[in-house]
Amino acid sequence: MKKFLTMFVLSAFLASTAFAQGAIKIGANWNLADITGNHGSKGAMLAVEEINKAGGVLGKQLQLVIVDDEGKGDKGVAAIEKLVTVDKVDFLIGGMSSAVALAQVPTMKKYQKVVVSTGAASYLVENALGADADWYFHLHPWDYTQGASYLEGWTAIRNKYPNIKIDRMFLAYEEGAFGKSSYDSSKKMFEKDFQFDGESFKSAALGGGDYTAMIEKAKEYKPDIFLWAGYDADALPMLEQAKAMRFSPPLFVGAPPGWPKDFGKSKLADNVTLYGMWAPSINDVNPVSKKFYDAFVAKYKEEPATYFGPLAYSAVYVLAEGIKRAGSLDSTAVIKALEQTKYLSALGETISFSPSNVIKHQGIRNQKILQWQNGRQEVIWPFEVQTRPPVYPFPAWK
Amino acid sequence: MKKPANYIFPLALIFAGGLLPVFLGAYPQAVARSVFTFMALAISWDMLLRSGQISFGIAGFFGLGSYTAIILSVRAGVAPVVAMLSAAAFAALVAFLLGFLVLRLRSTYFSITTLALGEIFKVIIHNWSSFTGGPEGLVLPQVVFGGKSSSLYWLSYAILLFAVGASVLFEKSKMHFSLTAIRNNEIAARTSGINIFANLLIAFTASSLIQGLVGGVHVMSYGFAMPDTAFDANYTLLPLAMALLGGIHSTWGPIIGALLLGVISEYLKLMIPYGHLLVYGLIIILVILFMPRGIYGLIKKERSKRNG
Amino acid sequence: MTVNRKAVPWIILGAAAVVAILAWKPTVLIYGVQRAGLYASVAIPMALVLGIVHIVNLAHGEIMMVSAYLTYNIARSIGLDPWLALLPVALVMGIMGYFIFQLTIRHTLKAPELNQLILTFGIAITMTQAISLIFTPQTRKLPLSYVSMSATIGETSFGVYDFVYVAIALLMGFGIKWFLSNTRMGKAAVAVGQNPRGAAIVGIDVMKTYVFIFTVSVILVGMTGSVFMTRQSIFPYVGSPYTMKSFSLVAMAGIGSISGIIYSSLLLGIAEAAINGIRGASGWSGIVFFLIIIIVIAVRAYKGRKL
Chain A
0 MKKFLTMFVL SAFLASTAFA QGAIKIGANW NLADITGNHG SKGAMLAVEE INKAGGVLGK
60 QLQLVIVDDE GKGDKGVAAI EKLVTVDKVD FLIGGMSSAV ALAQVPTMKK YQKVVVSTGA
120 ASYLVENALG ADADWYFHLH PWDYTQGASY LEGWTAIRNK YPNIKIDRMF LAYEEGAFGK
180 SSYDSSKKMF EKDFQFDGES FKSAALGGGD YTAMIEKAKE YKPDIFLWAG YDADALPMLE
240 QAKAMRFSPP LFVGAPPGWP KDFGKSKLAD NVTLYGMWAP SINDVNPVSK KFYDAFVAKY
300 KEEPATYFGP LAYSAVYVLA EGIKRAGSLD STAVIKALEQ TKYLSALGET ISFSPSNVIK
360 HQGIRNQKIL QWQNGRQEVI WPFEVQTRPP VYPFPAWK
Chain B
0 MKKPANYIFP LALIFAGGLL PVFLGAYPQA VARSVFTFMA LAISWDMLLR SGQISFGIAG
60 FFGLGSYTAI ILSVRAGVAP VVAMLSAAAF AALVAFLLGF LVLRLRSTYF SITTLALGEI
120 FKVIIHNWSS FTGGPEGLVL PQVVFGGKSS SLYWLSYAIL LFAVGASVLF EKSKMHFSLT
180 AIRNNEIAAR TSGINIFANL LIAFTASSLI QGLVGGVHVM SYGFAMPDTA FDANYTLLPL
240 AMALLGGIHS TWGPIIGALL LGVISEYLKL MIPYGHLLVY GLIIILVILF MPRGIYGLIK
300 KERSKRNG
Chain C
0 MTVNRKAVPW IILGAAAVVA ILAWKPTVLI YGVQRAGLYA SVAIPMALVL GIVHIVNLAH
60 GEIMMVSAYL TYNIARSIGL DPWLALLPVA LVMGIMGYFI FQLTIRHTLK APELNQLILT
120 FGIAITMTQA ISLIFTPQTR KLPLSYVSMS ATIGETSFGV YDFVYVAIAL LMGFGIKWFL
180 SNTRMGKAAV AVGQNPRGAA IVGIDVMKTY VFIFTVSVIL VGMTGSVFMT RQSIFPYVGS
240 PYTMKSFSLV AMAGIGSISG IIYSSLLLGI AEAAINGIRG ASGWSGIVFF LIIIIVIAVR
300 AYKGRKL
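Chains as they are written, first to last, in numbering that gives the first Met the number 0: chain A, 0 to 397; chain B, 0 to 307; chain C, 0 to 306.
Same shape as in the complex, but just chain A:
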């Protein structure tokens, strides 16, 4: 028993230190049991592999150390502590959940490693970071920049396509932190120019899945545009219930972080509009996306199911290019170099950093507006990466 225990403790330490010397170490954390973290980590590994094959950075190989944060605050903190003090990584990337990020902020502040964050949409994370956190590069949009981008998008669509009428808006939101923050930020943005109302529902992802009461209220409101902020598990059941209740708004928009497998194959999916950062259709207009997509499918034999794949992939490239420009691993130099970032990403946009409400380095601000057409997500806004014009109105149920 004693022998076993000693081995046990020893191997735990060996496993974490027996890595190659001389490499540039990047530490990462995601919730690996979740599809976002699963594909995010795979996207990041793919990028590291590509960069290493092309000769690495500053003549050194990149080495990615991934620790599962399990979507829990305390595990997330332990992950950062391990990455920084045991693995002695030079940089940090990753993240999805705002709760994990909130728990990690004090620890990140303590070490002040350069972080390229792929998650944490809640404005509370920004407040916790404070204005001095110049080492924190936030790739993912904040909840309020997303809200602003939707306002911009719908206004642009309304101007370009006069037949699309958008005056009355109804936002159905799941009752947890994700839905509530979407509702709060959208309400603030849209109330000025639109008639805006909303109602919460319990997401199927959290034991709910009965949308009847919410759809009833939405139907009474007679919106021009019906939006829902929930999870992938809500996507198809909500449509099916809407059909049963004969609720067919002219625009039916979903904003989940990912879509269920084969959603596009459902007849009901056609012409559903959605918010997202990436879809395989971007391959048609963006070569980086195509390269990423082909490599991902070849390596893992599955399609990237959420935008966290390309987002994490971009995070590694943004960091690698920053290090290259800095010419050293020195934090101050890398921060300066990252500030100069202009990286055409697989997500379709060129990533650069500028200040948001609190922090200095905010990357992507927009979500895209896409639409399911013939089983594919087509981009309809921003117009620069548009892959198809919008189909309007959402067909009434047969």
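Worth double-checking, as some hints may not be accurate.
[Unchecked claim] In silico lysine-lysine, DSS-like type, Cα no more than 27 Å apart, as pairs:
(1) A:Lys109 to B:Lys147
(2) B:Lys300 to C:Lys5
(3) C:Lys24 to A:Lys218
(4) B:Lys299 to A:Lys87
(5) A:Lys359 to B:Lys299
(6) A:Lys187 to A:Lys359
(7) B:Lys299 to C:Lys109
(8) A:Lys266 to A:Lys290
(9) C:Lys5 to C:Lys176
(10) C:Lys109 to B:Lys304
(11) A:Lys112 to B:Lys147
(12) B:Lys147 to A:Lys71
(13) A:Lys52 to A:Lys108
(14) A:Lys323 to A:Lys341
Hint data in this document are derived by calculation from the structure and do not stem from the laboratory. Here the structure is a predicted model, which is why all the values come from computation and not from measurement.
Given chain A's structure and the hints, the job is docking chains B and C onto it.
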């Protein structure tokens, strides 16, 4: 009562635990903090279990403590120490009052009612947005000790020692005989003059006090609270599993169980990034099947065998 | 079922509530009853096990999840409709239930009830993670046109498919009641549930009864899972909320009472639907669920009935 040697080992262990930050890096200290959190919860749960009452309300009182501390800090700006102590006091007060309702219930009915109470706390906090921050939660401007690893370690270690102390006090005092008697045969306990309700009320209040305190300390050292994380069902289920795997109705059992599961889960995660929880589940199954009295139960059995 | 006199005021109260809801928002009743059907069809199998084998099965919702995944894969790979896939899945679930019992639960029956609780907690984790590893954590949902079946009364259109849950719950409820009171095996099971030692003395094979009842309950909750999967998305964690919900319902109904589950589900389903029907109040429906449970349990305790 016993040979002094019986005290030397625990005292040495307490001392060694306090010295750990001198030898260990920040990472093991961070792991230790979450192990201590669950350990204290497991011990507190066991304290009530000794009366035969299975509480499913750990997450409820933990969350209540978390929110008491963070609301006092954010809304009233009280000092961290006051916030943490208030968390303990408030959880104890709520448990004391609710005790008059729930402590007449037994077995499954008691379990479900404690679970339901926890859910009710959660729903109230979830919906009372203006005061509690709602589903998005509340954030502290600064965690205690500026996030310094060793200080946070000692803080959670101190709370753990408090829980251990309370548990040992229960074990060594008259409480122990009363609770055991209630567990074994309530009617017999009543006829022998034990005030069942008073004993249960003390045990329920004390264990909730510890759970509230642990919640308060947790929130002050991680810096935020959200209903979904503060009332996470894992705060109920994991301490239960830990206490049981270690061996119930003792102080040692939950300590061993929490140490084992806490360290194993962290170790497995590093070894098997995708799928470590599967092995974790299998370990729980195997331990229950092959050590039905828990690890401490097995040790006790071996020891008594050897002593003849 | 005979109506006893004490129940009369309750029946009048219930009828008044139904009339009031009909006058206010008739759809609340429809959706409430549908919701109740789902609750009951998940909870009844748990009540059966808790009443006779006396174990709290924390893997109850996960068993439903596994069955849903099996159904999904059969339906997708050979194009069988889930309603037809339900039968082979029930067979597989039966075998699975048998082995879960024989390999694990059987060995913990002599230990304190907590051991079974944590054992099934371990089984739940293992099932969730195994499914997650095999099928990835990505959410799945079969597109099925019949789940959008609709009826229109006046201005109001509503879904009717969810009434299948009600049918399942009633079938299960009455089926089990009939089985327990009219067959030899069923009567033996009731005897085992009330007093295992006594049952053993009169020559009933207690262990065989346990195996049988547990297996049946796995098949039943598995069938609910197959139907659940036609309506809802599935993912590895989809089952776990239903374990706690069922457990709460069983406690509210009174352990061992099958008809109690149906009444409790109706009360909770309609109460939740009523809260959801109020503008901006849907966030509070969870509190109604748990408050009612506490009140019912507490009232029963204070009336001095043996729990």
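- Regarding the pair Lys24 of chain C and Lys218 of chain A, is the alpha-carbon distance no greater than 27 Å? Holds, because 15 Å separates the two Cα atoms, which is no more than 27 Å.
- Message: Given the hinted pair Lys109 of chain C and Lys304 of chain B, is their Cα-Cα distance within 27 Å?
- Response: Distance ~22 Å between Lys109 of chain C and Lys304 of chain B Cα, so the pair holds.
- Message: Checking one constraint from the list: CA of Lys147 of chain B to CA of Lys71 of chain A, max 27 Å. Satisfied?
- Response: Measuring from Cα to Cα gives roughly 20 Å; hence the hint holds.
- Restraint check for Lys299 of chain B with Lys109 of chain C, where alpha carbons must lie at most 27 Å apart: The given pair, whose Cα atoms are some 19 Å apart, holds under the 27 Å limit.
- Item | Lys300 of chain B paired with Lys5 of chain C [C-alpha distance capped at 27 Å] | Cα-Cα ~54 Å, so violated.
- Task: Starting from Lys109 of chain A, check that the Cα of Lys147 of chain B is at most 27 Å away, please.
- Result: holds (8 Å)
- Are the Cα positions of Lys5 of chain C and Lys176 of chain C separated by 27 Å at most? Holds, because 23 Å separates the two Cα atoms, which is no more than 27 Å.
- Within 27 Å, alpha carbon to alpha carbon, are Lys299 of chain B and Lys87 of chain A? Violated. Lys299 of chain B to Lys87 of chain A sits at ~43 Å, over the 27 Å cutoff.
- Message: Check whether the Cα positions of Lys52 of chain A and Lys108 of chain A lie no farther apart than 27 Å.
- Response: Outside the cut-off at roughly 33 Å; violated.
- Message: Check whether the Cα positions of Lys359 of chain A and Lys299 of chain B lie no farther apart than 27 Å.
- Response: violated (60 Å)
- Item | Satisfaction of hint between Lys359 of chain A and Lys187 of chain A, Cα-Cα up to 27 Å | The hint holds at about 23 Å.
- Query: Quick one, are Lys112 of chain A and Lys147 of chain B close enough, alpha carbons at most 27 Å?
  - Reply: holds (16 Å)
In terms of the numbered hints stated before, the structure departs from hints 2, 4, 5, 8, 13, listed from lowest to highest.
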